[in-house]
Amino acid sequence: MAMNPTDTMKPRSHFVFTPETDELTSPVHQHRKGQLILALHGAITCTVENALWMVPPQYAVWIPGGVKHSNQVTANAELCFLFIEPSAVTMPTTCCTLKISPLCRELILTLANRTTTQRAEPMTRRLIQVLFDELPQQPQQQLHLPVSSHPKIRTMVEMMAKEPVEWGSLGQWAGFFAMSERNLARLIVKETGLSFRQWRQQLQLIMALQGLVKGDTVQKVAHTLGYDSTTAFITMFKKGLGQTPGRYIAGLTTVSPQSAKPDPRQ
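Using UniProt numbering, the letters of the sequence shown correspond one by one to residues 1 to 266.
Source of the hints: derived by calculation from the structure; they are not laboratory data.
Errors might be hidden in some of the hints.
Below, simulated SDA-like cross-link-like pairs (lysine to any residue); rule was C-alpha separation at most 20 Å, straight line [as the list claims (entries may be wrong)]:
id	residue 1	residue 2
1	238	218
2	99	247
3	162	224
4	214	184
5	99	47
6	220	201
7	152	49
With the hints as constraints, model all of the structure from the sequences given.
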């Protein structure tokens with residue numbers, strides 16, 4: 001999987017289109033250039049030191065140059081990697097998930113479908129500049145889970161992800177760690193900036209998106225996360241992301257008919 005093009009390349013940007021047929025986890029790595037990963041189909045979860053970033057279809061994750069990270073890609077995913085010189089455009093200084101506009105998406109796909117020689121042509125360079133003008137305007141989305149290197153926080157993330165139904169209350173965790181609920185609540189706020197309830201809900205949103213993107217029904221996702229009713233799950237989802245699960249996923253899978261899939265050989 002070509003994910004780390006030569007950093008000595010002269011162009012200010014470099015595009016790599018990658019189709020994946022199986023689930024894939026990349027080891028921790030970093031790039032000198034900033035990296036934008038656009039999910040065309042499927043989804044990718046990016047792990048950095050203090051957070052997990054969820055990238056559903058038609059969204060992208062921005063990773064500044066020099067930031068160590070690893071990626072987990074769902075089966076049958078199609079991704080477009082854009083590597084950008086730090087001096088080429090002003091982008092966020094920290095990782096973030098971006099909601100990519102149709103214009104930016106079409107620009108990325110068009111440029112990814114052009115050869116290195118074509119990208120040096122004046123017309124293509126103008127398209128690249130339009131993309132660089134638009135990228136800083138893309139809205140950031142709260143599709144990340146703050147974590148930390150604290151062993152208790154890491155344990156909670158791992159166990160809640162594996163068994164979300166079994167670990168639903170702060171009291172359960174306080175008993176598990178043999179500490180008071182008050183002290184554990186303070187630790188969570190200190191390490192993540194969120195209350196236990198907010199933090200757990202953010203994990204549930206990310207897990208819900210992962211399931212829905214794979215094709216799981218709303219009912220199955222609600223059951224997996226331990227909700228007594230589908231209605232309660234839908235309420236939580238809408239509160240967190242502003243739309244019901246059905247409408248949210250429908251929006252992710254709506255693709256412009258004019259879109260041209262990049263040639264993976266380029």
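Against the structure, the hints come out as follows:
Between residue 238 and residue 218 the alpha-carbon distance is near 13 Å, which keeps this suggested pair within the 20 Å criterion. Our distance criterion of 20 Å between C-alpha atoms is met by residue 99 and residue 247, whose separation comes to about 16 Å. Among the hinted pairs, residue 162 with residue 224 is consistent with the structure: their alpha-carbon atoms are about 10 Å apart, no more than 20 Å. For the given pair, residue 214 sits about 34 Å from residue 184 by alpha-carbon distance, which is inconsistent with the 20 Å threshold.
This hinted pair checks out: residue 99 and residue 47 have alpha carbons roughly 18 Å apart, not beyond 20 Å. A threshold of 20 Å between alpha carbons decides the hint, and for residue 220 with residue 201 the separation of about 17 Å falls inside it, so the pair holds. For the given pair, residue 152 sits about 15 Å from residue 49 by alpha-carbon distance, which is consistent with the 20 Å threshold.
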